[in-house]
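Spelled out, the chains give:
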Amino acid sequence: MPWPTERRHLGQATPRLDGAAKVSGSAKYAYDVNLPGLLYAVVLYSPHGRARITKLNTDPARRSPGVRALAARRQVGSELRYHGEYIAAVAADTEAQARDAIRAIQIEYEVLPSCATEEAALAADAPKLLNEGNVSRGEPRSRGDVDSGLRAGAATYENTFRCAVMTHACLETHGGVVQYEDGGKVTVWSSTQAVAGVRNDLARSLQKSPADVEVICEYMGGGFGGKLGGTMEESTAAELARQAGRPVKLLLDREQDQTFAGCCRSIVATVKLAADANGRLTGADCSSYGTGGIGGRGGISFPYIYNVGASRHQHTDVFTNQGNMRALRAPGSPKSSWVMESAMDGLAEKLGIDPVLFRQRNLPQGSYWVRQLSEGAQRIGWDQRPKTGSQTGRYRTGYGCALAQWGGGGHDSNARVAIHHDGKVEIWCATQDIGTGSRTVMAVVAAETLGLNPTDITVYVGRGSYPPSGGSGGSTTIGGIAPAARAASEAALAKLFERIAPGLGAAPGDLEAYPGGIRRKGQTGGLSWQEACGRLGPETIDVTAAKDRSLGGSGVNGAQFAKATVDTETGVIKLDRIVAIQDCGLVVNRLTCESQIFGAVTMGIGLALFEQRILDPTSARMLNPNLEFYKLAGASDIPPIEVLLEDHPERGVIGVGEPPYIPTAAAIGNAVANALGVRVTDIPLTPAKVLAALAGKGGSA
Amino acid sequence: MDSPETTQPTRTPSRRDFLRGAAVTAAAGGLVGCADAQTAPAAATAKLTDKVIRGAVVAPLQVNGQTIEVVVEPRTTLLDALRDGETPAGQDVDHTGAKRVCDRGTCGACSVLLDGKLVYACSVLALDAVGKPIRTVEGLAAGGKLSVVQEEFVKHDGLMCGFCTPGFVMAATALLEQNNNPTRAQIQGALDGNLCRCGTYHRVFEAVDAAAERLRKGAR
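These protein sequence lines map, in sequence, to chains A and B.
Taking the numbering used here, I'd label the letters of the first sequence as residues 1 to 701.
Taking the numbering used here, I'd label the letters of the second sequence as residues 1 to 220.
There may be inaccurate statements among the hints.
Unchecked claim - Derived coverage of chain B by chain A (criterion: at least 3 residues anywhere in the stretch with Cβ under 8 Å from a Cβ of chain A; other residues may be distant):
(1) 60-69
(2) 96-103
(3) 134-143
(4) 165-171
(5) 201-208
Worth flagging that the hints you see were computed from the coordinates, not collected in a lab.
All residues carry an ideal CB built from backbone N, CA and C; glycine is no exception.
Please model the complete structure; the sequences and the hints are all you need to start from.
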C-alpha cells in the first residue's frame, strides 16, 4: 500500500521514544556496560608518525598487578606508519592497572623519516612510504572539448582551494565490550553504525557462525561514518576476553580515536571555470590531489551540481603518515561544494552577475534548486548584500550561498511486527539509532499504519540478530526501515483482519484500521484496538516482511545561505545567521528530521571555521589529538539557524542526514569573501588565514 | 564577544586545582581504611590517620542523597568512581550517566554538581569529593518523574545520539538554579563548557528557554 494521503503522525513532530532514557542517564551505551568480572583493556599505540620497533618486551606488563591478558599486534621489526597505530593491548582488573601495565612495556623505536603533508609526500626526495609509492594518479575524466569550452568563455576564473583533514571526533570513542558465553557464543556490545555488518564481520574474524555472535548497540555516541566497519577494537577485545576467560571492555582513548579511528581526506584543487557574457558556463577544469592517510583513496566530485558545459577532472591520491580516512558524513561532497561553489562566486564576481542569478542560470530550469535559491535569498535578506569589497570599516558583513545534492535512497531492510491479544504491538529491526531517531521513526510508521499512537509501539533495534537491515551510512537508514516498518505493519494488520473478520461477519477486505480501532470500511463505529486484539486468542500475530520498495525515493536538494561579519583586526568570523532549505521526500518525523539539519549545519560551521587535524611537519605526530585543540563548534559559535524542511510526500521516504552538511562551509566562505573583497581559499577559515588574506598573502579575489 | 551580562556557572575545581590535587593528602575526613591492597579493588591499606594515602581506600560518597562507599585509589577521579567504582562488597556503583569523552576538562560530558557547583567529574579526585553532596543526572528525576529541564530537552529534541546529553542537562540545570530568566547569550555562555558533536545546540537553547519559562511560572 502506498503512504496514506491523510496522515496523523507522518510529518508531525514526535518526541523521541528514547528521549527520557537519554536525558536521565539510563540509556546504556557500549561504554557504559558493566558486567560481573569485567576487565578493562588499554592499547599501546605508536607515538610516532613513522618508526620501526627495535625492542619490544611485554613480560613486565604481563607481570603487572591485575593484568589478565595481553595481545600483541606488532613485533620487533614492524614498521609503524602513523601516530595511533596499534602495537599491543592489555586487559586488567581496573583501567588504572591496565594503564600501569602499558607503561611497563619495554619498547624502543627507530624513528624513520615521515611525510606529514601532501607536499612532503609528493617531493622528489620523499621517503617511500608504501611499496607502490606515495602517489596514485587517477585517470582524467572529461566530457566534451574542455579546452574549447574554456576558450569560449567571456570570462574565466581560476583559483586553488584547499580543505584540511578532519576527524570524526565522535564523543563515544570506538570500541565495545566482548563476552564469551557458555557454549562458545559471543556477545559484543559495540559502538557501531552497523549491528548486522559488525556481526558478520566479527563472526568471520572469530571463525564463528553469525548465529553464534550477537552484536548489541542499544545506543551509540556518534559515528558520522567512522563506525560503519573496522572491528579492530572488538576483535582485540575478543582475543583478550578469550585469553582471560572474562568479559573485556576496550574503548579507545581520545588520542587514539583522533589518530587511528578515521578522518576525511584533504583536498587541494585547482579549478578553472569559464562562462559566456550571459552567465552560462561553457567549460570547467579541475585538477586535484589530497590525502586520506597512509592508504586512503578518494577525491571530490567535479563538476558539482551545475551544468558546466565541457568538463575535465583529474585527481591524485597522496599517501601520508597519518591514520586512514573512513567515510565521513557525505564523503567528499562538502569539499566538492567548497571547491565548486567558491569558484562559482569568483566567476560571478568577474562577470558582474549576482551569484544567486548566476547559479540559477546554470541549473536545470524548474529544478528545486532554482526555487530554493529564490526562497533562501528572500529569507536571508539577500537584497542587503553589499557590493563585494565595498566595505572599509573594522567589521564587515557579507552574504553567501551554496547548494547541496545527495541520493539518500534506502538500503534493504526487513522488519518483524507482533500484535498480542492485550493490544501490545512490538516491532524489531536490525538497525541502530546513531542519533537520528530510528526507534521513533519505526514507531511513527507502525502507529500510522495500525491506527495507534507512536507511544503505543514498543520498538527493538540495535541487535544484529533482529530481522536483517543495513548499516547507517549514506543517509540510507530511514529509506530502509520506514518502508520495512510499513510493510510489516500492514502484513500484521492483514493477519489481524483475517483472524477477527469471521466473528464480525465480514470479509477481511472489508475491514480497516482507524484511529484507536478496527471497523468496517466507511462505518463510524467499530471495535477498539484492545477489543479487536482481544479476539485473537492465544496465538500472537508475528510477521516479518521486507520493505516495499515503492515507498522510498532517492535524490534530495538543498540550498543554504549564510550571513557573516568579519572583524578585520582580529580575523575572527562571527556568523550572524544561516538559512537552510532542504527537501527529503516524505517527512516521517518533522522534529528529528529538522534536528538532523540543525546538526548538519552545526558540523558545517566546524568544517568552515575550526576543524583541522594538525600534524607536526617533522615527525607527523598529531599535535591536537584531543578536544581542546581539535576544535568543534560550541554553543557560542551557533548563530540563529532557520530551517525550512520541504515535505514532498509523493516522492516517498528519502534520507537527509548528510546533505545539509554539504553546502554550509561554502556558503560561509562566500559570505566572508563578499564581506572582505578577498577570498580565503583554505578551510578552516582561521583568524590567521583571514588576516593573511587581508594582508594580500594567501588569499585572492 | 561575550556580552557584559554573560555569566557562567562556576566550574570548580579548575584543571590547575586538579593537578595540584594529584599530590593528594588525606585531609578529607571519613575515609575508611581496610586491609590488603594485593586483593584490590575490594580492599585497601591506607589508614584514616595517614597523611599520605597510597593504594586503595574506601571513600564514602554522598551521591544523590545516598551515601555510597566506593573503593578508590588516590588517583581515581570522581568520574571513574561513579562509573566504574565498586563498593567494598564488590557491588558496581554504576552511575554511568556522566560520560568520559575528552578526559581532560574540555567537553563537559562528565558534568555533575558538587556541593551545588557544576564541575567536570573527570577533573575532580574522588577523595576530594568526600564530605560534599554530589548530584548526578541520575538524581534529577525525583521519584522517576523527569525534571522540568529534562522534560523540555525531550520535547524540544535537545539531544541526538545522547552521549553529551547528561552533561548538557546538568549544565542547564546549574544555570537555571542560579538564573531562571537567562538571555540567549547567557544560555550560550553557560553551555560553552559542553561539546556536542551531533550539533544539538540550537535545540538545547530552545529547551533551556522553555524550561526557564516554566520554572518562572513555578513549575517544579
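Hint-by-hint comparison with the structure:
1. 60-69: violated (count 0)
2. 96-103: Three-residue rule met by the region 96-103 of chain B, so holds; n is 8.
3. 134-143: holds (count 5)
4. 165-171: Coverage by chain A holds here, the residue count being 3 at a Cβ distance below 8 Å.
5. 201-208: Result for this restraint: holds, n = 5.
Checked against the numbered hints given earlier, the structure breaks only hint 1 and satisfies all the rest.
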